[in-house]
Structures are given as C-alpha cells and as structure tokens.
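K.L.:
Sequence:
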Amino acid sequence: MSPDALNSLFSLCIGFALAGALASGYQAMAERPAGFALLGEGVAPKTFAAVPFLVFAAPFIIMRNTLRGAKIERRRFEFVMMATVLAGFWSLMSGTFVVMTLRAAGVLA
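At position 15 of the sequence shown the residue is numbered 15 (UniProt numbering), and the sequence of numbers has no breaks.
A few of these clues could be false.
Quick list of the computed label-pair ranges, beta carbon to beta carbon [said to hold, decoys possible]:
| # | residue 1 | residue 2 | range |
| --- | --- | --- | --- |
| 1 | G20 | G106 | 38 to 44 Å |
| 2 | A21 | A105 | 15 to 21 Å |
| 3 | S24 | T47 | 19 to 25 Å |
| 4 | G88 | L39 | 18 to 24 Å |
| 5 | L108 | F79 | 33 to 39 Å |
These are computed hints drawn from the structure, not numbers from a lab.
Cβ coordinates follow ideal geometry from the N, Cα and C atoms, glycine included.
Given only the sequences and the hints, what does the whole structure look like? Please build it.
P.N.:
So this is what it looks like as structure tokens:
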C-alpha cells in the first residue's frame, strides 16, 4: 500500500472515529441523538455553535440515518450507496483537517 493511500485511509478512519465520538458524546450529554434539526432552531447562539459540531459529526449522522432508513423504510440500494459515499468523502475531508491540525501542532510527525 502506498504512503498516500495509507494516509488517506488513516484520515478516513480518524474522521469516522471523531464523528462517532462527537455524536455519542452529544447523545450522552443531551439525552437525545444529534441530528441536522439542530440547525432549524432559529437564529440563536446555540444554532451557530451547532455548525462546527455538525461539520465534524455529520458522517456519523448521515450513516445512522441511512442505515435506519434502509432497515425501516426499505430504501433502495442506490440511495444507501450514494449516502455511504457522501459520508465517506465527508469523513475523509474532516479527518484530513484533523490530521493536518495535529501535524501543525506537532502531535503527529
């Protein structure tokens, strides 16, 4: 496996792990699952604070909603695959940002 492919795989895994940790932490604190409805609560500081949270927690939320929809609503395979690719790409991008930030801080070599 090339170093670039390994780096991308690492970023993808970090992105999904961070998304899962954020969403699970939110659910533990708020006693309700995180969702995109956090943005629909009007113009308030709480809504603006939800934007960075959702940027990093979105891959987990997308996959949770997609898998529940596939099981409960019998969604088509194409829709599930498209949502999986979207969540994977989003996770790759957020993971890349986290890895770059850790490298800039000197935590990673």
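K.L.:
Each hint should be assessed against the structure and marked as holding or not.
P.N.:
Hints, verified against the model:
no.	hint	verdict
1	G20 / G106: 38 to 44 Å	violated, 26 Å
2	A21 / A105: 15 to 21 Å	holds, 18 Å
3	S24 / T47: 19 to 25 Å	holds, 22 Å
4	G88 / L39: 18 to 24 Å	holds, 22 Å
5	L108 / F79: 33 to 39 Å	holds, 36 Å
Hint 1 alone, counting from the list given before, is not met by this structure.
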